[in-house]
Amino acid sequence: MYNNCGSTMAEKILASKAGRDKVVPGNLIIAKVDLALGNDITAPVAIREFERFGVEQVFDPEKIVFVPDHFTPNKDIAAAEQAVIMRRFAEKYNLKHYYEVGRMGIEHALLPEQGLVRPGELIIGADSHTCTYGALGAFSTGVGSTDLAAAMVLGEAWFKVPSTMRFEYNGPLPCWVGGKDLILYTIGQIGVEGARYRAMEFTGSAISNLSIEGRLTMANMAVEAGGKCGYMQPDEKTFNYLEGRVNEPYQPVYSDDDACYERVFNFDVSALEPQVAFPSSPDNVRPVSEASGIDIQQVVIGSCTNGRIEDLRIAASVIKDKRINPGVRMLVIPATQLIYRQALEEGLLTTFIDAEGVVSTPTCGPCLGGHMGILARGERALATTNRNFVGRMGHPESEVYLSSPAVAAASAVAGKIVHPEEVV
Amino acid sequence: MLFQGKAWIFGDNIDTDAIISARYLSSVDPRELAKHLMEDIKPGFADLVKTGDILVAGNNFGCGSSREHAPLAIKGAGVSCVIARSFARIFYRNAINIGLPILECHENMSSVKSGSDQLQVNLAQGLITHLQSGYTYKAEPFPPFMREIISCGGLVEYVKARVNPSE
Ligand code: SF4
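For the record, the sequence lines run as chains B and D.
Residues 1 to 424 (the numbering used here) make up the first sequence, in order.
Residues 1 to 167 (the numbering used here) make up the second sequence, in order.
Do not take every clue at face value.
[As the list claims (entries may be wrong)] Straight line, CA to CA, 30 angstroms or less: simulated DSS-like cross-link-like pairs of lysine-lysine: (1) D:Lys35 <-> D:Lys113; (2) B:Lys12 <-> B:Lys32; (3) D:Lys113 <-> D:Lys138; (4) B:Lys96 <-> B:Lys12; (5) B:Lys96 <-> B:Lys75; (6) B:Lys22 <-> D:Lys138; (7) D:Lys138 <-> D:Lys42; (8) D:Lys160 <-> B:Lys96; (9) B:Lys416 <-> B:Lys322; (10) D:Lys50 <-> D:Lys113; (11) D:Lys160 <-> B:Lys32; (12) B:Lys12 <-> B:Lys22; (13) D:Lys160 <-> B:Lys92; (14) D:Lys42 <-> D:Lys6; (15) B:Lys12 <-> D:Lys138.
[Unchecked claim] Pair ranges (Cβ atoms, derived): (16) D:Arg162 <-> B:Val424: 56 to 64 angstroms; (17) D:Ser114 <-> B:Asp21: 55 to 63 angstroms; (18) D:Thr51 <-> B:Asn3: 50 to 58 angstroms; (19) D:Met1 <-> B:Pro396: 53 to 61 angstroms; (20) B:Leu368 <-> D:Gly115: 38 to 46 angstroms; (21) B:Asp258 <-> D:Ala161: 13 to 21 angstroms; (22) D:Gly115 <-> B:Arg286: 44 to 52 angstroms; (23) B:Asp21 <-> D:His106: 19 to 27 angstroms; (24) B:Ile85 <-> D:Asn13: 36 to 44 angstroms; (25) B:Gly19 <-> D:Gly115: 40 to 48 angstroms; (26) B:Arg88 <-> D:His106: 41 to 49 angstroms; (27) D:Ser21 <-> B:Lys237: 43 to 51 angstroms.
Hint data in this document are derived by calculation from the structure and do not stem from the laboratory.
None of these values were measured; they are calculated from a predicted model.
Even glycine gets a Cβ: it sits at the ideal position worked out from N, Cα and C.
Could you build all of it, start to finish, from the sequences and the hints given here?
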């Protein structure tokens, strides 16, 4: 069927990077990558594979990005050893984009911020949330460490062209409802396998009205619906965001009007409530009113999903001049150094500290149960992160609920899950 | 690339835990792993399956955790090819990257008898012939570079061959 239609943005980017006029879903292709990313968990494995190739150089020292963000600042000796492997490799091969602690941030917040992501590009990363960059009109997807190793040598990777599902969101967004609520709602509707292997195209008036931060949050969680990538087509907002970050020319790519979609979903969002994912799956989603009153011991505001400046501004606006409930520990983790600094200058950090929250240097930390806020048996957290699998943030008998920064901040004040309206 | 072997039929959603249980993950030796292939869903399978045999499954084969041990265990058992109606994404990548041929076939293959009938697979053309009936099923053909990765024995060997063509 696909041979007689136009192409989606995802298909067009893959076709152009494979040097073809057109690709259709199911095609197996080799394509040139514009960027290959690794972190302190996956890069050391890729480096080990790389060394088996017996090559003297990487395909392009400007197109490999290494970010030690998961267990850094080094959580223990093992983490320190992994970090050393990355650092040495970056030095040896002259990698331009190695981000040492102090310049680093959570990879998927850092790359867009640093202007490393451009519309129309093909990006792979040995991390499942690499799909985040679709928010800027790139095709980006997570791969394994062996794929990363091969890409570091050849500058290429193989792909199976996914079919595309189109998600249209229309209507004005209610107060306190944003990108996180849209994507949680979507995952709740289609399930964690609903977009397995597919590209997810997010569109509609609600997406046009959404900030770049909100779009990054949505694309970030495409993988939680099984998606290979999630993307928005670039628009004025995208170009404004890129202004001053990206100096190189780029070529935006758009879906054809007669592109074929495997399925189209239409969501009217005008009456949507803030959403909460219950344990232990990101598709176990209900409106916040159904979560109301569940008591919590920890709130985490941060991660590659919701650790950006807009997220911190919203959280601070809810918390301003209030105290965190004494039964709750609130951890705020700005996702990058730049965001940290911006939050400092805007007085947001003072708001969090005055409210008796904790502010941390950028790190993935508690998001994957790494360090900096692990849960004990029976404890319950509300987090702005993206996964709430069993044991994700600590003890297998602890629980994680997922929400937006607004709901998380309000709940920190209330000591239980609440709608932000109840606190502000 | 032509393969011929006995068919073994499996159902939908065979996850990586079913393919190789987590309790055997301490080894990465394909032959060691192969001793426990499908142990929890088809006890004794490791002794039944012979070199060249072909697995045929339904939807979403290889779902669940991303462990590379699953395709390794299948390859270690000598399985020449896995055919499924669909594969989970990471299993698909892992299988290709370790050099295990896999084919997606959307046709109904229910007339193939498990453990007795013979299949012949032509990877380049994406054709699967059921030798008992002579019927040929169509699957997505493999492009040349994928056959090259497979014939090199996986992505690492493929990259090596490309960067050191003389060896
Ligand atoms: S913040 Fe969490 S989800 Fe994002 S990259 Fe780090 S560990 Fe992964």
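Problem - Proposed proximity, Lys32 (chain B) with Lys160 (chain D) (alpha carbon, max 30 angstroms) - result: holds, 18 angstroms
Exercise for the section: For the range 44 to 52 angstroms, tell me whether the beta carbons of Gly115 (chain D) and Arg286 (chain B) fit it or not. Expected result: holds, 46 angstroms
Handout entry: Proposed proximity, Lys96 (chain B) with Lys160 (chain D) (alpha carbon, max 30 angstroms)
Key = holds, 25 angstroms
Exercise for the section: Sort out whether Lys12 (chain B) lies within 30 angstroms of Lys96 (chain B), counting only the CA atoms. Expected result: holds, 29 angstroms
Handout entry: Distance restraint between Lys50 (chain D) and Lys113 (chain D), which requires alpha-carbon spacing of 30 angstroms or less
Key = holds, 16 angstroms
Exercise for the section: Could you see if the CB distance from Gly19 (chain B) to Gly115 (chain D) stays within 40 to 48 angstroms? Expected result: Since the Cβ atoms of Gly19 (chain B) and Gly115 (chain D) sit about 45 angstroms apart, the hinted range of 40 to 48 angstroms holds.
Handout entry: Lys237 (chain B) and Ser21 (chain D) - C-beta distance against the hinted 43 to 51 angstroms
Key = 49 angstroms Cβ-Cβ, so the 43 to 51 angstroms window holds.
Problem - Beta-carbon spacing of Leu368 (chain B) to Gly115 (chain D) - inside the hinted bounds 38 to 46 angstroms or not - result: Roughly 43 angstroms apart at Cβ, these two residues keep to the hinted range, so it holds.
Practice task
Given the hint of 36 to 44 angstroms, check if Ile85 (chain B) and Asn13 (chain D) actually sit that far apart at their C-beta atoms.
Solution key: holds, 37 angstroms
Exercise for the section: For Arg162 (chain D) and Val424 (chain B), compare the CB-CB distance with the range 56 to 64 angstroms and indicate the outcome. Expected result: holds, 59 angstroms
Handout entry: Pairwise hint evaluation, Lys322 (chain B) against Lys416 (chain B), where the allowed Cα distance is 30 angstroms at most
Key = holds, 15 angstroms
Handout entry: Hint consistency between Lys138 (chain D) and Lys42 (chain D) [alpha-carbon to alpha-carbon, up to 30 angstroms]
Key = Given that 30 angstroms is the threshold and the Cα spacing comes to 28 angstroms, the pair holds.
Against the hints set out earlier in the document, violations occur for numbers 17, 18, 19, 21.
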